[in-house]
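**Q** Protein sequences, first through last, are from chains X and B.
For the first sequence, the positions run 1 to 230 when this note's numbering is used.
For the second sequence, the positions run 1001 to 1340 when this note's numbering is used.
It should be emphasised that the hints constitute simulated quantities derived from the structure, not laboratory data.
Idealized CB from N, CA, C, for every residue including glycine.
A portion of the hints provided could be inaccurate.
As the list claims (entries may be wrong) - Taking lysine-lysine pairs in the BS3-like style, the calculated list, with each CA pair at most 27 Å apart, reads: (1) B:K1171 x X:K219; (2) B:K1038 x X:K229; (3) X:K229 x B:K1171; (4) X:K219 x B:K1034.
Said to hold, decoys possible - Negatives, chain X to chain B, calculated, CB over 10 Å: (5) Q22; (6) E48; (7) Q130; (8) A131; (9) G138; (10) V142; (11) D147; (12) N152; (13) S161; (14) S169.
Listed below are the residues making up each chain.
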Amino acid sequence: MKILAIDTATDACSAALLIDEQVHCEFALAPRQHTQLILAQIEKVLAEAGMSLQDMDAVAFGRGPGAFTGLRIAAGVTQGLSLAADIPALAVSSLAAMAQAAYHEYQIKKAYVGLDARMQQVYWGEYQIQAGIAVLQGKEQVIAPEDLPPKNSTGFVGVGSAWQVYADSLHPHIQAESHSTLQAIYPSAEYIARLAVKEYKSQQYLYSSEIQPVYLRNKVAQTLIERAKV
Amino acid sequence: MKILGIETSCDETGIAIYDTEQGLLADALYSQVKLHAKYGGVVPELASRDHIRKISPLIKSVTQQANLGLSDLDGIAYTSGPGLIGALMVGASLGRSLAWGLNIPALAVHHMEGHLLAPMLEDNPPKFPFIALLVSGGHTLLVSVKAIGSYKILGESLDDAAGEAFDKTAKMLGLAYPGGPILAALAQKGDPDVYHFPRPMINRPGLDFSFSGLKTYALTTWQKSTQTDTDRANIARAFQDAIVDTLFLKCRRALKQTGHQRLVIAGGVGANSALREKLQQLNAEIFFPRLAFCTDNGAMIAYAGAMRLYAGQQEEAVIQTRPRWSLEDLVVPSCQKERG
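Extracted from the complex, chain B is given alone in its bound form (with noise of 0.2 Å):
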């Protein structure tokens, strides 16, 4: 089956092609985050405006790549939630009439669901059960993960996305945006030893996070400096430590919670090399998505559709945006049909 997935949930339109006969066979991301810059953060209106400029030509584009006519789909999967209501609006609509004219089924996939699948798209898939660590601007989650579609939340963040706490530290340290990569690269420069943060809610029971202290102790520690850039890099250092930390304790407990033996990290955070390089350290398998998968990305959405579009799940034609949308009332695709 040759499902096309579609992803504008956020700032990024993502389009490919994946068959589940020879994996992924093309993938186009257009990101916006030259648009968002000169407004400091993410315009929804504008984010809409765009992908509805950018997604039929990026359609084309991965057809043409996997060497395709829109004929040869077999199915259609597109970001249904959670995400930003009118830019998941722009997918869910040419996504659904898309399959509708071409008449072929459609499905409407949970933007969370995909990240978490991301890493099925490898080379050396993780096999379930399996703990998801879910990190990006938008969330911060841990999920407990039996089969496609049985899901379990053990921990989640209070208030901050573990990414949000970046970008916003970020913004309160003077960087550009987006800041969260870039104070990651900041932090590689910092002295370990100068500041020590607080790890949030590790003294405490439970599998959930809160970041939004960090930030205020971040920056507090900045006001009271003498506000140089080895000050900058010093306390960026002592941001990210603290976040890779919690985030690490967490995972652990989580593991030894559940006694699964794998886990899973997706998400823009994901692609934060601290947090990868401090995870290796678990007793446990760990798996990534590659780089550009940690991010949104069309490939997840065509993954996931696939899984459930293969299983026999259908819709009816109507446009599906569920902005907010728990990971705990998906379903198990029912009726597996037979391989071949």
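In isolation and in its complexed conformation, chain X is listed as follows (with noise of 0.2 Å):
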């Protein structure tokens, strides 16, 4: 199985290949830069490994949630990419690869994964490992982090930005060790890639317009007729 993945959803741009049970990724953390960086890092793995487009048997991207931006730059070279060598597209949701990413580089089984959302809100999810892979408990969700309801289970780390920045508004309701290491990880292509293995055996496959990022807030502008409410 061969897996070309691409991740723009924060700060952080990355591509990685994944052949089988081995990944290689390119990444950076490198914020207003993905134009700049994505086709050159996508160039690099599959050139490492002698392979073109053409040899894949999917793309994976992280589909969100982030930066609404970043979210389309992956979904747009997605369905290019896609287009291009007719292969299919599998998302993956960018909260999952860092929960991932904290099993895989930290053994952390029960994450609390936030991202800063900006306007005081957080992107949310919580993952447990199942067999290995980071399985989402309940839904993800964009909330304010006081919103949140009170967490007392056990065992739960917190990983993502959201734990640095919203370190305050979190703790006294989720109980959740976390520290700056865990704080500082981003969704990454390998990631994306290990957790599209799975979305690729169960046939997720999209195509064209369905490579679509998920936003999370959907509410981004008022109509004529809520202004004239307020």
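Reconstruct the complex from the two isolated chains, following the hints.
**A** Shown next as structure tokens:
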């Protein structure tokens, strides 16, 4: 199985190539540089394996949540690659990719993953590792940190930038350890690729306009009628 | 050379295929105007979200229209700017990576170059040099065009673009969105002799424009009026006459100043029939693109990109978006290939 994966959901930008169990990833923390970097990263991971896009079985992308423009870069590039090589696309959650990273790199099996969503909100998901895979418990959501229901389960760890930015609003009611290393975990194409294996095996193939970001924040403007009511 | 053109700079997804041998092969457009109407203007984030939903199906539809496969394409041209950054990003990301995946060249096209070359898609295209009047919701520019890529801006709007002034005035008069074309239609019913609006900046030398004062003038006139439908139509008429006259006078001045014999009109306001009629009075050959190519479209981007790719222009595998980008920063494509 050969999967090319990309992620541009946050300040991080990455491309990875998965061949069976092996993953090679190009990763950079590069705010606003995604457009400059992503195709070069893709070229590099393919060239190192001596492969071309046409050798791939699928292309996976970090579908969000994350920065809107970044999500559309990933979705746009993925639509382009999927069309060009006539291969399916696979959508993977950026929060799941963070939980998967925390498991692979720090053996964390229960994670409250939070990304700073700006506007005093977080993108939030709870994950547990089952059979080596980060599995979402409940739903992903965009929510003010103080509005999250209290959590008293033991053994959970806080992962992602939300734990740095909103520590004061999270810690009173969300019981979880967190430290700076875990707060610095970004979504990476390496874990997009690893999680995409399951999507590929279960044939969750996407084509053309099905290749879309998941923004979570869907109310982005007020209509004339709504403004008139204020 | 068969070139796919991608336009996503504002609120229209335009896709087309232009062939340097056979001309325009296919053209498709999806307009988001209904989506933005209930917000009273273009919401950039919603525009971007709609582009990424519509773009791939439109690409499939134009290739089918042209009876081609993607592997038959020789290059991809995408609008790189100016425009809304998020919207541009959609076309640029998809276009550049599609070209990369197909192993064909891609070209980042200047949206306004697309507009000013749009009359080249017609049966009777203008010869160089010419003056181009680019009038849309985002721009009002007078450009001297010596060749593809050789542009000198002679004048531009110091405040509102002409189309923007139309839209804002329409809104003040209580017309629906997008108001510009509605105001223009209403103006046809108005009496030209009831009100007379000033022609901004015509008594000053130079070719710059200023339309924001006219908008205020229209508002005060409306407030002082009895605010009947007739008043509204008469004000629309006076407002449109002032804009059309000003554009006419500046075009005449630009032709005189440069000695050029030809005038090209492009951009959404170029669809305005009063403007089209008035400009016929100029002592020059006048060229308009067809109405569908006055507003944003993929065909003009495919054409502009095709001319540059045909001349051998090359770009690296980088997704390029330039929300602010002057026409004067463009270069003449070098190493012109032999035809055939």
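**Q** Take the hints in turn and mark each one as holding or not.
**A** Status of the hints after comparison with the structure:
This hinted pair checks out: K1171 of chain B and K219 of chain X have alpha carbons roughly 24 Å apart, not beyond 27 Å. Using a Cα cut-off of 27 Å, the hinted pair K1038 of chain B and K229 of chain X holds, with the two alpha carbons roughly 14 Å apart. As the CA atoms of K229 of chain X and K1171 of chain B are separated by approximately 19 Å, the hinted pair is consistent with the 27 Å bound. Taking the CA atoms of K219 of chain X and K1034 of chain B, the gap is near 17 Å; set against the 27 Å cutoff, the hint holds.
The Cβ of Q22 of chain X lies farther than 10 Å from every Cβ of chain B, with a closest approach of about 23 Å, so its non-interface assignment holds. The non-interface label for E48 of chain X is consistent with chain B: the shortest C-beta to C-beta separation is roughly 16 Å, beyond 10 Å. Every C-beta of chain B lies more than 10 Å from that of Q130 of chain X, the closest at about 32 Å, which supports listing it as non-interface. Separation of A131 of chain X from chain B is adequate, the least Cβ-Cβ distance of about 34 Å exceeding the 10 Å criterion.
Residue placement check: G138 of chain X keeps its beta carbon more than 10 Å from all beta carbons of chain B (closest about 25 Å). Every C-beta of chain B lies more than 10 Å from that of V142 of chain X, the closest at about 14 Å, which supports listing it as non-interface. At the 10 Å boundary, the C-beta of D147 of chain X stays outside the reach of chain B, the nearest C-beta of that chain being 23 Å off. At roughly 37 Å from the closest C-beta of chain B, the C-beta of N152 of chain X stays outside 10 Å, upholding its exclusion from the interface.
No Cβ of chain B approaches the Cβ of S161 of chain X within 10 Å, the least distance being about 21 Å, so the stated non-interface status holds. Every CB of chain B is more than 10 Å from the CB of S169 of chain X (nearest about 26 Å), matching its label as outside the interface.
In the structure shown, no violation is registered for any of the earlier numbered hints.
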